[in-house]
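Chains A and B, in that order, give the protein sequences.
Under full-length UniProt numbering, read the first sequence as residues 1 to 636, first letter to last.
Under full-length UniProt numbering, read the second sequence as residues 1 to 363, first letter to last.
Rather than coming from a laboratory, the hints here were simulated on the basis of the structure.
Bear in mind that the values here come from a model prediction, so they are computed numbers and not experimental data.
Note that CB positions come from ideal geometry on N, CA and C, so glycine has one too.
It is possible that part of the hints are untrue.
Covered, in the sense of this in silico footprint (three residues per stretch, anywhere, with C-beta under 8 Å from a C-beta of chain A), are these stretches of chain B [claimed, not checked]:
1) 296-310
2) 315-322
So the derived list for chain B, only partly shown, Cβ under 8 Å to chain A, looks like this [said to hold, decoys possible]:
3) E44
4) L289
5) I293
Listed next, the in silico SDA-like pairs over lysine to any residue satisfying Cα-Cα at most 20 Å (straight line) [as the list claims (entries may be wrong)]:
6) A:K467 to B:V188
7) A:K67 to A:K467
8) A:K467 to B:P124
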Amino acid sequence: MAAVLQAVRARLRRLLGTDENGTVMKIRRRNQFNNFIWKSLPIIRLILLVAGYAWMLAIPLPNLGRKTYIDENALQPGQVNTYWNWPDVLRADRYLADLEGLRDRNASSAEQAAYIVDEFKKLGIPSATQAYSFTGTSGVSNGTNAYAIHSSPRASGAEAILISASRISRTGDLNLRGISTVISLAAYLKGSSLWAKDLIFVISDDHLLGMQAWITSYHGSEQSGLVADPLTLSSGVIWTALNIDYPGHSFSHLGVFFEGLNGRLPNQDLINSFGLISVYTGGVPILLYDHRDPREVPHLESKLSIIPSWLPEIVKKQDAVKEYGFRAKNILRHVGYQARGQTSGVHGLLHRFRIDAITLFAVPATGPHGFHAIGRIIESTLRTMNNLLERLHASFFFYLLVLPSTFLKIGTYLPSVILVSVSMMFTGLGEWVDARWYQPKQSSIEEKAANGQAKSEAIPRPRPVLKALSIVLLTHLAGIALFYLRTLSLASGSETMSLLLFFLMASVPLIALTAHPSPPQAVAPLSKTLKAFNLCFASTVISVTSVLNFSLAAALAVSLGVPLSYSSPSRSSLGIKLAGYTIYAVLGFGWLVLCRKEVQEAIWNWEVLGAWFALFVCIIYSPLVLQAAIVSVLPP
Amino acid sequence: MDFGLVYPALVAGRLLLAFAPLPDALKHDHQLSSPLTSYPRLQEGVYLFQHGIDPYSGGLFRHSPLLLSLFSTALPLNKFTSACLWTACDAISAWALVKIWRARQRVSQSSRDSLIAAIYLLNPYLLLPTLALSTSTIENMLFLLSLMFASQGQSSPSLLALALLVQLSLPSAIFIVPMILLLLSDPVSRLASPREFNTYLSSILAKLGLWWYFFTEMFDHFRPFFLMVFSAHLLIYVLPVCLKFQHDILYATYILAGVYATFKPYPTLSDPGLFISLISLFPETYQYLRYPIVTTLLHLHSALLLPLFHHLWLSQGTGNANFFYASTLVFGVSNGAALLDAIWAGLRIAVGNLPEGYELIQK
Numbered sequence: 001m002a003a004v005l006q007a008v009r010a011r012l013r014r015l016l017g018t019d020e021n022g023t024v025m026k027i028r029r030r031n032q033f034n035n036f037i038w039k040s041l042p043i044i045r046l047i048l049l050v051a052g053y054a055w056m057l058a059i060p061l062p063n064l065g066r067k068t069y070i071d072e073n074a075l076q077p078g079q080v081n082t083y084w085n086w087p088d089v090l091r092a093d094r095y096l097a098d099l100e101g102l103r104d105r106n107a108s109s110a111e112q113a114a115y116i117v118d119e120f121k122k123l124g125i126p127s128a129t130q131a132y133s134f135t136g137t138s139g140v141s142n143g144t145n146a147y148a149i150h151s152s153p154r155a156s157g158a159e160a161i162l163i164s165a166s167r168i169s170r171t172g173d174l175n176l177r178g179i180s181t182v183i184s185l186a187a188y189l190k191g192s193s194l195w196a197k198d199l200i201f202v203i204s205d206d207h208l209l210g211m212q213a214w215i216t217s218y219h220g221s222e223q224s225g226l227v228a229d230p231l232t233l234s235s236g237v238i239w240t241a242l243n244i245d246y247p248g249h250s251f252s253h254l255g256v257f258f259e260g261l262n263g264r265l266p267n268q269d270l271i272n273s274f275g276l277i278s279v280y281t282g283g284v285p286i287l288l289y290d291h292r293d294p295r296e297v298p299h300l301e302s303k304l305s306i307i308p309s310w311l312p313e314i315v316k317k318q319d320a321v322k323e324y325g326f327r328a329k330n331i332l333r334h335v336g337y338q339a340r341g342q343t344s345g346v347h348g349l350l351h352r353f354r355i356d357a358i359t360l361f362a363v364p365a366t367g368p369h370g371f372h373a374i375g376r377i378i379e380s381t382l383r384t385m386n387n388l389l390e391r392l393h394a395s396f397f398f399y400l401l402v403l404p405s406t407f408l409k410i411g412t413y414l415p416s417v418i419l420v421s422v423s424m425m426f427t428g429l430g431e432w433v434d435a436r437w438y439q440p441k442q443s444s445i446e447e448k449a450a451n452g453q454a455k456s457e458a459i460p461r462p463r464p465v466l467k468a469l470s471i472v473l474l475t476h477l478a479g480i481a482l483f484y485l486r487t488l489s490l491a492s493g494s495e496t497m498s499l500l501l502f503f504l505m506a507s508v509p510l511i512a513l514t515a516h517p518s519p520p521q522a523v524a525p526l527s528k529t530l531k532a533f534n535l536c537f538a539s540t541v542i543s544v545t546s547v548l549n550f551s552l553a554a555a556l557a558v559s560l561g562v563p564l565s566y567s568s569p570s571r572s573s574l575g576i577k578l579a580g581y582t583i584y585a586v587l588g589f590g591w592l593v594l595c596r597k598e599v600q601e602a603i604w605n606w607e608v609l610g611a612w613f614a615l616f617v618c619i620i621y622s623p624l625v626l627q628a629a630i631v632s633v634l635p636p
Numbered sequence: 001m002d003f004g005l006v007y008p009a010l011v012a013g014r015l016l017l018a019f020a021p022l023p024d025a026l027k028h029d030h031q032l033s034s035p036l037t038s039y040p041r042l043q044e045g046v047y048l049f050q051h052g053i054d055p056y057s058g059g060l061f062r063h064s065p066l067l068l069s070l071f072s073t074a075l076p077l078n079k080f081t082s083a084c085l086w087t088a089c090d091a092i093s094a095w096a097l098v099k100i101w102r103a104r105q106r107v108s109q110s111s112r113d114s115l116i117a118a119i120y121l122l123n124p125y126l127l128l129p130t131l132a133l134s135t136s137t138i139e140n141m142l143f144l145l146s147l148m149f150a151s152q153g154q155s156s157p158s159l160l161a162l163a164l165l166v167q168l169s170l171p172s173a174i175f176i177v178p179m180i181l182l183l184l185s186d187p188v189s190r191l192a193s194p195r196e197f198n199t200y201l202s203s204i205l206a207k208l209g210l211w212w213y214f215f216t217e218m219f220d221h222f223r224p225f226f227l228m229v230f231s232a233h234l235l236i237y238v239l240p241v242c243l244k245f246q247h248d249i250l251y252a253t254y255i256l257a258g259v260y261a262t263f264k265p266y267p268t269l270s271d272p273g274l275f276i277s278l279i280s281l282f283p284e285t286y287q288y289l290r291y292p293i294v295t296t297l298l299h300l301h302s303a304l305l306l307p308l309f310h311h312l313w314l315s316q317g318t319g320n321a322n323f324f325y326a327s328t329l330v331f332g333v334s335n336g337a338a339l340l341d342a343i344w345a346g347l348r349i350a351v352g353n354l355p356e357g358y359e360l361i362q363k
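Given the sequences, and given the hints that come with them, work out the whole structure.
Here it is in structure tokens:
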């Protein structure tokens with residue numbers, strides 16, 4: 001018995017490493033573990049990268065996600081009786097006729113604003129115009145907004161709800177019916193005394209510029225280049241807003257546009273309440289953006305679906321595949337807006353001031369609905385928004401709407417990007433550790449045989465940290481210079497300037513071709529250290545942006561993941577080196593030449609709306625690719 | 001590069017930066033200055049005092065009476081004087097750091113002087129709080145002055161600076177013991193000196209949390225107890241660190257600066273900034289730091305996430321306090337990792353280079 005206990009104790013001691021042999025075993029086990037991790041690092045990196053990309057592709061899978069629900073109990077959507085009826089529709093038709101008359105006479109927007117203010121005054125609602133002028137690198141734009149404020153009859157007016165319509169719809173047509181709806185709503189809504197919040201009606205000029213002038217004046221924030229009259233009428237704090245976009249004659253569905261600037265999304269409760277009200281009170285089905293489900297319109301399926309036509313019929317016929325295609329189409333549209341930090345409608349300009357806002361787009365069709373349906377839906381939605389006692393905070397701010405009533409929570413889509421970022425981090429750390437050790441080559445095989453088990457000694461060597469850091473800093477400074485040069489007014493719209501900038505940015509770093517390789521046993525190669533810093537920094541950028549703007553992080557992960565992880569200084573000829581370098585140069589700066597319209601839009605967004613995308617690409621994205629390009633031309 | 005050229009150039013650059021039109025939001029940023037060091041509060045206190053109202057009665061003004069008396073009588077606070085004064089404080093701190101290095105190496109000048117001055121003056125953790133006019137710059141200057149005089153063996157100026165420092169910021173009392181010990185010894189590096197190892201290296205587990213979140217969750221009648229615990233927590237590091245590094249007290253002060261940065265009640269970015277700048281005094285430890293790149297990456301992540309989550313919580317309104325708390329925890333972890341690296345390196349250096357076939361373990 002005692003012997004058994006002794007044996008067990010000895011074994012435990014060995015296992016825990018608390019005796020002499022145990023210490024040796026502990027060291028050996030530790031070394032084995034470290035070697036295993038080190039040897040399998042390339043596989044681990046690859047697995048993480050593949051897993052991340054596979055997860056991204058899996059996001060649109062059918063049956064993922066849950067049905068949207070109302071989280072803020074105060075909202076109570078769809079519980080009110082609506083009294084908007086045909087007399088109000090008639091009134092809206094009259095306003096529409098007047099506006100069409102103005103359009104046929106080619107009246108200026110100032111005339112239209114004057115007409116609208118006149119109509120509001122006839123209704124007894126205080127209203128005024130606001131003239132504004134914006135001077136930017138793409139020219140001067142003027143306009144006039146018209147707005148009216150109906151004070152709540154019984155409450156103090158500390159909060160307000162904003163209902164707006166812009167003069168130009170998102171399709172580029174005049175938003176005549178949207179404006180008529182708003183004026184007619186004003187006439188109808190002022191008849192009831194149950195409003196707890198002030199109602200502000202804004203008919204803004206142009207598509208986005210007018211509302212930008214109005215909302216920044218309302219909140220007293222200054223903006224360079226934008227000169228706007230101060231607002232003569234004021235009201236309370238705006239909590240929620242609705243923008244009406246109704247360019248066509250009739251509509252079959254109401255589309256929801258919700259992305260804001262710089263990837264900001266409104267509280268999901270607003271979209272959910274509107275969705276419920278539209279379906280159950282108004283009888284109008286809702287859509288995400290203007291995407292109709294291809295399964296509902298089989299005769300338009302080939303036009304609407306994004307599933308490639310070269311797939312075999314038997315695959316395309318599956319309902320799961322069709323659903324995947326529809327979800328993917330919605331997600332791609334969303335990513336298109338959010339990654340560029342662009343707003344998908346006028347509502348996006350309001351998010352900056354903590355206003356939850358969406359745009360209702362009446363999808364043009366010969367379909368059954370018109371003023372009657374949209375008026376009832378908006379009335380009921382406004383009644384719901386009226387119920388709020390505090391700002392919307394309960395529901396999600398970070399979500400991915402895949403179907404009009406199905407969404408993904410952040411935990412379902414965020415880890416995909418994080419996996420890619422972790423893989424890049426591991427690559428960077430691996431390069432860093434690898435740079436420290438110099439492995440002298442074995443002189444001959446027989447020496448190896450003679451030494452038996454001896455492995456070649458790895459000699460530690462210092463790493464050129466300061467040099468690599470200064471290269472990183474220089475690339476980012478070059479990015480700042482690029483941004484400054486590209487946003488100069490003489491560069492806007494000029495093709496030669498873009499080409500010039502591209503060649504400038506792509507050719508200056510070729511100085512690295514002249515760098516002499518340093519003796520490998522004295523100091524680590526600069527290319528390894530630079531690659532380590534490049535990958536670690538890129539990984540940090542992707543992780544940090546993923547919480548702020550997931551689509552941008554996903555775009556970065558896709559565009560930077562593989563190119564940066566597998567950049568390597570090549571030992572082959574100059575020709576191959578230059579070929580590799582060209583690929584990186586095109587990846588990093590090709591957008592200057594290939595996507596000029598996009599660049600113009602991004603710069604406009606930066607100047608007028610304050611969207612960060614242009615700045616981000618110049619200062620963060622391009623320098624990162626440039627660093628990888630420099631790694632590929634440095635001596636190994 | 002010649003110190004006589006680099007140093008004035010850096011100071012001139014800093015002066016230009018201080019006079020540049022900077023966004024006012026810097027002064028109110030919560031990572032750059034705390035309620036104890038904020039410039040708008042200092043201005044408020046001076047104004048109240050000059051109008052005959054007790055500035056300490058409202059709970060708004062928490063600076064030391066020394067600063068109050070200085071800025072209400074001798075030095076008026078306006079844009080010009082504050083820019084000059086804060087740049088001067090940083091310049092003096094950098095110069096003191098260089099003097100400490102020279103005293104440690106027992107030379108009158110060396111080639112690393114410019115690098116040390118640059119590391120202090122260009123460190124973003126120190127640059128940004130100075131631009132935000134946080135009084136932590138003055139505290140850092142007093143600390144470095146005290147350390148410099150102690151390295152040179154001048155006890156009166158050293159203790160005077162230390163006394164002023166403790167007046168400005170009470171948690172600095174942890175530096176009293178090591179400063180006195182430093183005055184009694186000399187600052188030459190003895191980290192690598194052979195000495196007897198009669199204790200095994202023990203791994204240090206530091207529980208890192210941040211005061212404010214902890215205290216928001218706590219019941220009121222436990223507050224005095226936890227206040228005592230958190231304050232005493234700082235003090236318990238003094239003796240062990242001084243005992244362990246009694247052969248090189250300057251290193252002990254460096255470790256305690258790290259402890260101060262991690263555990264003090266109202267940390268700002270300038271405290272880890274001071275700790276990181278002090279690392280330039282100990283280049284012999286660089287090759288023995290355990291995982292410097294991990295620490296650097298942790299600091300990079302937390303430095304980016306802190307303002308992001310702060311913005312998400314308080315400006316944009318789409319996040320909540322937990323986001324920010326998580327990032328402060330990451331910041332605490334990164335400070336702790338830097339501390340662990342420094343302590344490990346300071347002890348590991350005594351073992352020196354391991355001959356082939358030998359391994360070092362911790363038991």
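Counting residues of the segment 315-322 of chain B whose CB is closer than 8 Å to a CB in chain A, do you get three or more? With 4 residues closer than 8 Å to chain A, the segment 315-322 of chain B meets the three-residue bar; holds.
Agreement of A:K467 and B:P124 with the hint, judged by alpha carbon distance not exceeding 20 Å: Between A:K467 and B:P124 the Cα gap is close to 19 Å, so the pair holds against 20 Å.
Taking 20 Å as the top limit, are the C-alpha atoms of A:K467 and B:V188 close enough? violated (30 Å)
Hinted pair, alpha-carbon criterion (20 Å max): A:K67, A:K467. Please report holds or violated. violated (54 Å)
Interface hint status, B:E44 versus chain A (Cβ within 8 Å): violated (24 Å)
How does the segment 296-310 of chain B fare against chain A when you require at least three residues with a CB closer than 8 Å, holds or violated? holds (count 7)
Would you settle whether the hint for B:I293 is holds or violated, based on the nearest Cβ-Cβ distance to chain A being less than 8 Å? holds (5 Å)
Given B:L289 as an interface hint, is the shortest Cβ-Cβ distance to chain A below 8 Å? Where the cut-off is 8 Å and the nearest Cβ of chain A is about 12 Å from B:L289, the hint is violated.
In summary, the numbered hints that this structure violates are 3, 4, 6, 7.
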